Amino acid sequence: MTAIDEKIEPIFAEVLRRNAGEVEFHQAVMEVLGSIGRVVAKHPHYANSALIERICEPERQIIFRVPWMDDKGQHHIARGFRVQFNSALGPHKGGIRFHPSVNLGIIKFLGFEQTFKNALTGLPIGGGKGGSDFNPRDRSDGEIMRFCQSFMTELQRHVGEYTDVPAGDIGVGAREVGYMFGQYKRITNRYEAGVLTGKGLIYGGSRARKEATGYGAATFVQCMLRTRNTDFEDKKVVVSGSGNVAIYTMEKILSLGGKVVACSDSNGFIVDEGGIDLDLVKEIKEHRRERISEYAKIKKGTSRYVDGGTIWDVPCDVAMPSATQNELTGKDARTLIRNGVVAVGEGANMPCTPDAISAFREAGILFGPAKAANAGGVATSALEMQQNASRDSWTFEQTEKRLSEIMVGIHDLCAQTADEYGSPGDYVLGANIAGFVRVAEAMEALGVI
101 MTAIDEKIEP IFAEVLRRNA GEVEFHQAVM EVLGSIGRVV AKHPHYANSA LIERICEPER
161 QIIFRVPWMD DKGQHHIARG FRVQFNSALG PHKGGIRFHP SVNLGIIKFL GFEQTFKNAL
221 TGLPIGGGKG GSDFNPRDRS DGEIMRFCQS FMTELQRHVG EYTDVPAGDI GVGAREVGYM
281 FGQYKRITNR YEAGVLTGKG LIYGGSRARK EATGYGAATF VQCMLRTRNT DFEDKKVVVS
341 GSGNVAIYTM EKILSLGGKV VACSDSNGFI VDEGGIDLDL VKEIKEHRRE RISEYAKIKK
401 GTSRYVDGGT IWDVPCDVAM PSATQNELTG KDARTLIRNG VVAVGEGANM PCTPDAISAF
461 REAGILFGPA KAANAGGVAT SALEMQQNAS RDSWTFEQTE KRLSEIMVGI HDLCAQTADE
521 YGSPGDYVLG ANIAGFVRVA EAMEALGVI
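Last residue of the sequence shown: 549 (this note's numbering), numbering continuous.
I should point out that these hints are in silico values taken from the structure, not numbers from a laboratory.
What you are looking at is a predicted structure, and each value in this text was computed from that prediction instead of being measured.
One or more of the hints may lead you astray.
As the list claims (entries may be wrong) - Quick list of in silico lysine-lysine cross-link-like pairs, DSS-like style, CA-CA up to 25 Å:
# : residue 1 : residue 2
1 : Lys335    : Lys382
2 : Lys397    : Lys382
3 : Lys431    : Lys400
Stated by the list, open to error - Simulated restraints on C-beta separations:
# : residue 1 : residue 2 : range
4 : Gln174    : Glu254    : 17 to 25 Å
5 : Asn439    : Leu116    : 17 to 25 Å
6 : Ala274    : Asp171    : 56 to 64 Å
7 : Lys501    : Asn439    : 33 to 41 Å
8 : Thr495    : Gly522    : 37 to 45 Å
Cβ atoms here follow ideal geometry from the backbone N, Cα and C, with glycine treated the same way.
Input sequences plus hints: build the corresponding full structure.
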């Protein structure tokens with residue numbers, strides 16, 4: 101990664117000291133601070149006004165216990181989090197994640213990333229993130245409902261359409277959002293549709309929301325490819341994951357003429373050189389809620405399943421890491437480069453390690469960082485808030501058109517910023533600087549708060 105400017109090094113050292121052990125947060129902060137040295141050189145007051153320190157410090161961090169009861173009548177305690185990172189541009193906005201790996205450092209890294217991602221959309225939303233170390237896998241609908249109700253019983257004190265607007269993330273889909281919204285409505289006695297996004301269509305959700313993150317990531321990569329006079333047509337693509345982001349990344353890529361040959365889940369990955377049957381993946385993951393290994397059992401002879409291993413060993417033209425943070429390592433990146441990859445788009449949040457990002461940048465591979473390529477989901481969440489505020493409901497075509505315009509705009513902003521700061525084609529630098537400047541300008545305008 102780019103070395104941190106000497107004027108900013110003491111700030112990063114203080115971040116490390118005050119947030120000991122939070123390695124994912126350190127990684128996210130280092131990526132941004134490593135990119136803004138040129139901004140500080142051009143605008144020295146940023147380094148002299150404690151503005152960078154304030155950007156790296158959440159406005160508030162909320163940790164709470166979540167008691168819940170399983171179907172056998174046994175009681176359990178999970179830990180809940182909400183980090184309201186920055187509201188200079190608008191109310192805090194960011195998803196809720198239910199996964200055993202969730203801890204404060206991960207939620208802080210996600211909230212920090214979300215701040216700049218949201219800024220890149222150009223929409224009036226700040227950054228935040230939340231979640232719990234609750235594991236929803238293999239839990240019944242009743243257990244999920246009781247947990248979501250308990251979680252929202254505390255969270256409702258801290259959220260609102262003008263304060264903080266959560267959405268879904270890993271482990272939190274329309275079902276979980278519905279249970280949380282129902283509990284919020286029950287406790288507050290208000291039908292405040294704008295307090296949560298990712299809702300079902302029947303009670304205030306937006307069309308194209310579930311597709312948005314995946315569609316947006318594919319659109320961003322298509323824009324990158326076009327800068328080199330090519331596109332997805334006839335490209336061989338590998339997409340990690342098989343959740344919401346991965347499924348709709350694959351769907352958009354197929355519509356653009358690409359061929360997806362591999363996808364995965366936490367147990368292993370499938371390879372189908374003839375092209376992944378997306379309808380089958382949807383049936384297995386969205387309806388049956390089974391492991392991706394079932395795909396190879398159904399499509400015997402045309403596909404294979406690899407238990408464990410790394411999906412990045414599969415040769416491809418375009419790689420779309422869409423599962424979780426730090427899933428693609430430096431070793432994986434070098435394998436992809438040897439196998440001829442031309443573009444990488446981060447569909448998940450920070451799925452590439454610093455070593456991997458460095459390898460892609462040094463090799464001149466087109467690389468779309470998460471805070472830019474992954475912004476389609478939150479952009480459409482903001483469009484859902486807009487529809488809720490006006491008591492309106494847009495068509496799928498209206499929403500997808502607006503999403504596409506936003507993603508093209510993000511791409512162009514990142515590219516133009518990289519050019520302005522002397523690194524043409526460096527989308528990491530472009531995204532970090534463009535997002536930072538938008539947040540910094542708003543914070544300066546609001547005073548030291």
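Evaluated hints:
no. : hint                        : verdict
1   : Lys335 - Lys382             : holds (22 Å)
2   : Lys397 - Lys382             : holds (15 Å)
3   : Lys431 - Lys400             : violated (31 Å)
4   : Gln174 - Glu254: 17 to 25 Å : holds (21 Å)
5   : Asn439 - Leu116: 17 to 25 Å : violated (36 Å)
6   : Ala274 - Asp171: 56 to 64 Å : violated (22 Å)
7   : Lys501 - Asn439: 33 to 41 Å : holds (36 Å)
8   : Thr495 - Gly522: 37 to 45 Å : holds (43 Å)
Checked against the numbered hints above, the structure breaks hints 3, 5, 6 and satisfies the rest.
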